[in-house]
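Chain order of the listed sequences is A and B.
Per the working numbering, the first sequence starts with residue 615, numbered consecutively.
Per the working numbering, the second sequence starts with residue -9, numbered consecutively.
Please keep in mind that the hints were generated in silico from the structure rather than gathered at the bench.
If a hint is listed, it holds; no wrong ones were tucked in.
Listed below are several chain B residues computed to face chain A (Cβ distance under 8 Å; list not exhaustive): (1) T2; (2) S3; (3) A4; (4) P5; (5) A7; (6) R8; (7) L11; (8) Q12; (9) L14; (10) L15.
Ideal Cβ placement from N, Cα and C applies to all residues, glycine included.
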Amino acid sequence: MAKVLVVTSGKGGVGKTTSTAALGAALAQSGQKVAMIDFDVGLRNLDLIMGAERRVVYDLINVIKGDAKIEQALIRDKRVETLHLLPASQTRDKDNLTDEGVARVIEGLREKFDWIICDSPAGIERGATLAMRHADVAVVVTNPEVSSIRDSDRIIGMLDSKTLKAENGEQVEKHLLLTRYDAARAQRGEILKVEDVLDILSIPLLAIIPESTEVLRSSNLGAPVTLGSPNSAPARAYHEAVRKLQGETIVEVQKQRGLFSKLFARRAA
Amino acid sequence: MNLFNFFKKNTTSAPVARERLQVLLAHERTIVGGGESDLVAILREEIMAVIAKHLAVPQDKVQIKMDRGASVSTLEVDIEIPATLTGLRPAA
Chain A
615 MAKVLVVTSG KGGVGKTTST AALGAALAQS GQKVAMIDFD VGLRNLDLIM
665 GAERRVVYDL INVIKGDAKI EQALIRDKRV ETLHLLPASQ TRDKDNLTDE
715 GVARVIEGLR EKFDWIICDS PAGIERGATL AMRHADVAVV VTNPEVSSIR
765 DSDRIIGMLD SKTLKAENGE QVEKHLLLTR YDAARAQRGE ILKVEDVLDI
815 LSIPLLAIIP ESTEVLRSSN LGAPVTLGSP NSAPARAYHE AVRKLQGETI
865 VEVQKQRGLF SKLFARRAA
Chain B
-9 MNLFNFFKKN TTSAPVARER LQVLLAHERT IVGGGESDLV AILREEIMAV
41 IAKHLAVPQD KVQIKMDRGA SVSTLEVDIE IPATLTGLRP AA
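Chain B with its partners taken away, still in its complex shape:
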């Protein structure tokens, strides 16, 4: 415990605050704002269905994230496709 505290002292606290807030607010916005989490869930399901038609990508390789911005919000879809699945050669 003491050793743990010793190491902890050397780290700054602001990044922890930032991290905690980001996690918390992402959650609270979907609850208080209402609806956004449903939208992401629906999008995820349908995007998965489209991908499954063509590629056998595991569920956990598809990340869908919604970010609220000042003038625009972004929907980030990150699909990791193993090279063996595509059979495509890297572009020259």
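Bound conformation, chain A alone:
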């Protein structure tokens, strides 16, 4: 039975799709069967980041409407065979993205996969609420920047109230993924530090993805950074995130970094 993971943020452009692709690929590389669903109906991009844009035949809306079977719509990755993608529709018929339709798709996938990763659209509208609706686990993607943090806080509130788990009195397991982090700038007090963001949002840290040119380079080539640039710092951070998601205890690298930041912060203050 699959775990449903939503990658969400509220704000756009913080790295949801990039992170979905990187986490999905890393999970699949560890032998897990992974299905990634692009919920950004009308503005699909996960196919492009995955380098599968020319292989899209059917999409999520086709499956919901019954035009195609889920097996027909799923695109199997050519690099990692346990990795699959269900693309979003390019058309603007968002009305077809229904609660029951999404529930049916997720239930169908739950039996066949270990992980279902829902790539949420930006905003707090229906696409975003449906992407998080069935989640067991949430990865909240945040940049160390005020508007991103505010929107993440809003999304955390929604995860605690609008999901099926919340309605059943349970909790969606929430993790913070801090992306585009520049440790040097944080030490100089130019951007918020990890500790600040964690303190404000009060959810546990999954990983810090350092700002890196490798992320864009991989996107350009149509590969998740974990496949396109496997030894880069972002790729290693995503792999660490995946190990944490799978419940492995990790040597607390962040703790050390936190201490360093604290020392620098004191000096700067």
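Dock chain B against chain A, hints included.
Below, chain B alone, put in the same frame as chain A:
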């Protein structure tokens, strides 16, 4: 104005961001989340009543704060009692 800017340049902006966010989100959570502010208000009123029974502590010396945490939330009640009111000697 220029002098002000001159001093401002030397300070880092991240602490300002942090401060602004903390104030803003504390406010937004009570509005969007709903109910929490009412709870704090009720608690404050009742805690004040209990204290008033025994001690004449001014209203502004009682701070009540609710903090949302990952696994637990905390209710912080900070009551400043002047020594003259308690008549207690500091512990040896």
